[in-house]
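Chains A and B, in that order, are what the protein sequence lines are.
Numbered by the working numbering, the letters in the first sequence go through residues 23 to 263 in order.
Numbered by the working numbering, the letters in the second sequence go through residues 580 to 1240 in order.
Worth flagging that the hints you see were computed from the coordinates, not collected in a lab.
Fair warning: there could be bad hints in the mix.
As the list claims (entries may be wrong) - Simulated coverage check for chain B against chain A, where a stretch passes if three residues somewhere in it have a Cβ under 8 angstroms from a Cβ of chain A:
| no. | stretch |
| --- | --- |
| 1 | 836-848 |
| 2 | 852-866 |
| 3 | 884-894 |
What the hints assert, rightly or not - To give a feel for the contact side, a few chain B residues facing chain A, derived at Cβ under 8 angstroms:
| no. | residue |
| --- | --- |
| 4 | Asp897 |
| 5 | Ser898 |
| 6 | Gln900 |
| 7 | Tyr904 |
| 8 | Ala1179 |
From the three backbone atoms N, C-alpha and C, an ideal C-beta is built for every residue, glycine too.
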Amino acid sequence: MNMTPTSMLYTSAVLVASAAACAPELERGEERPRDAGRDPGDAGQAEVSGKFTHRAQADGSLRTTVDATLDSEWQYLDLDTREADADETRWDLGFSRFRIRVNGGAGGPGGVEVAALPDEDFAALERAPDAGFAPARPDSEEDEDSEPDTVFNSGPEDWYAYNVMKHTLAPLPIVYAIASSEHRFYKLRIDAYYDRAGTPGFLRLSWAEIAAPRAGSSDVGDRGPDGGQDGGGDGGEDETD
Amino acid sequence: MNAPCASLILLLALGFVLGWRVTRASAQQAGPGQASAQQPSAQAPVAPIEIVVTGSRLPQASARSPVAVEVIRRTEIERSGARDAAELLEERAGLQLSRSFRGSELWLRGLDPEYSLILLDGERVPGRVDGAIDLGRFGVEGIERIEIVRGPSSALYGSDAIGGVVNIIPRESTRELEADAMASAGTRGVYDVTGLIAGRPLPSLQLQATGGLHQADAFARGGGPATAGSARSQWSGGGRASLWLDSEQRLTLRGEYRRGTLEGIDEGAGSALFDRTQQQEQLETGLRHDLETGAGVELSSRLAYSQFREQYLSDQRDSDQLDRYEDNREHSGQVGSVLRVPVAPEHITTVGVEQLFQRLDSERLSRHGQRYGLALFAQHQWTLFEHDQQALELVPGVRGDLDSQFGNALSPKLALRWQLGDELVVRASYGRGFRAPSFQELLLRFENPSVGYLVAGNPELGVETSHGADVGAQWQPSEQLGGALAFFRNDLSYMIAIVSSESEQDATRAEPPGTLFTYDNLERAWTMGMESSLQVRFDDAFSSTLGYTFTETWDGENERRLEGRARHRWTTATRIAHPAWELELGVRAALLLGRTFYVADESGDEEEVVAPAQAQLDLRVAKHFTRHLELFAGVDNLLDAGDRYSGMRPATFYGGLRGRY
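In isolation and in its complexed conformation, chain A is listed as follows (with noise of 0.2 angstroms):
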């Protein structure tokens, strides 16, 4: 609408008023420092790459967590060097909020795959399965996202179960083998998706590398940058259900 004389009236009536209502700027309680991902239990030296902080468990394994809360940007991991990086032939994991990108097939060109474990118990495991792994597959029209699905996001078959009452995500007790872009094996379980402030996209994890398939068994890493697209993720969905 154009500006009229009387418009102009009100607007610069307004201005003038805005001033009648002056009560001060709320303040802010005083924060404690920030320990978003710090886990009470937890000793040792933290190490930090990028948002990934990283501290060694008693047995072995890495609890890492992850600020991936950030929606338009993507946080990536290389599992075989634990550093936050990006580079398209070495990341092997990547995390916005509650989605985890696969380098592998439609995923990118590192080759990584992963198989769900839903019944392993994850001290237990220590050596990849022979089968099941499956990089990322070309999005599917049963999700609305626009991203390739992976095992751990594929629409139905979430690495979350979403509670519609809390709107609250809770991790399924599920343990994914991943073959990384080295062709290096790990364990890996998602522990948490929110910090201890209750802010979400602070994904917590324990894992470990473990032993490589029995030698001749596997067929992890034959499959080139596009190995997924046809039939590749068969075993991982199957997995998941």
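With the hints as your guide, set chain B onto chain A.
Just chain B now, kept in the frame of chain A:
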């Protein structure tokens, strides 16, 4: 036999029995020749004629009002023990108060708070938060009376007046010198101090000042750190000056400033805790010129400006990731005139014009919201016949609104008043109503970082429309007995609803399913029901009002009842006094039955749940020492009604002192 029929019959039977007894008692006491309240004679004291303004926008005798106007008078306000308008209305027949962390909102005739218009001295009150005006903002120290008009009133008031109009009339002293002060304290950190001083330094000038301070602690229910009700701390100060220019003209200038803070603890998703503070400020100013000529012509012109500012701070504990601060400021300006002309004894015409300006500055809007509106309205009161306590009046009215935001809206109404003797008045009306989309619905741009959804306003929204009908009767067989019965129905179309937006899905954001929302005009709903009340009064020793309301609602989009509405609502306000001891007991109670809620389980399926009955009971005892001093004590919510979701304060005991001169 279903519950509403049974309740109605019970109420009518009770009314009949009491009516017969009271009429007999009154006849025996007064003896032959005693006149009724409507027929004052030299032998009986002349009952003051009750004046109301909300039915026609100009002062008018309540009995002649084309629509029924319910009045809560100053004496009743003081006897209720209520601290604010919300507490005052919550145990009234036909009204339902809903409390949330943002305050107390009014549900009138089963409709959400955005479908009721709240006026302060006839002016639209700004500051709807989530569609509702928090009635807890209005301390009773500044209220002379509250007038309630139920049913569609857009023909006089325009937008929002679908369920009805609640007009808060500020106190206006007419005495040469008046002072009134009250102080009370109670459990749960409740204390209140209020005062009024007024005087007439010149024969033509009346001055008045009011002020109040109210405080209450937060409370929790059901364990956990989250509060079910916010701590409230507010103060207000206001002034009023009336100048009689001559015997026909009066100029009134008024201004009031209120500042209140609500504080609570909220629990978010993922167990995040937030310390929430809302600071609300409201400034009301107005200048009015009233003219009443000897020929019965009345002209009232007014200029009003009000401002509402809310600062909202949600401060996450142990982190600042989810902290949120908003500073919302709403300006509202109104200019208008209303003219009433008795064209002939049987024809009274009321015409009016008003211009409205509104502006909202909020960080949650994609840009500031601004609108200008011009409205013309007319109402004609046509007495078809009037003879020997019988009268039939037809009152057509229409209002046209031109608005820079939504275009235009035409709201016609036809009302009928049929007086059958001096005991019974029957009223019926049909009207169209509308509600303009709010700035939030038009322009919102809000992302909830905790839950992860985005809500975007829709600038293409149109008005919501309604049509409603009312039939009712008021029965006043004697000064001791009265009753009212009304049936209503409201049908709403093009209601604005939140919808999941597929079209605005931004592929690069990769929103999870169903996390981008907007608004659209697509829903429809209806509400219907019956409101009834019965008043009994024995001299100054006993008075009681019993009310029953049945409300049925339907959400046409989801094909189910609207959530939270009480199907059955019983209310009572009873006063028992011992005049010799100058002692009085007041009892106010409300019983709500049949509130339906829909609760989603973890898979997202919704189940219908009927909430348990809710019984509120307030008691108050007062002892007067001369006419200048009153000592009082009481308890609110004695039965401890409410749960963690209802926001009702648990049982609170209080006591205090009032002095007046």
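Hints breached by this structure:
Nothing - there is no hint that the structure violates, so all of them hold.
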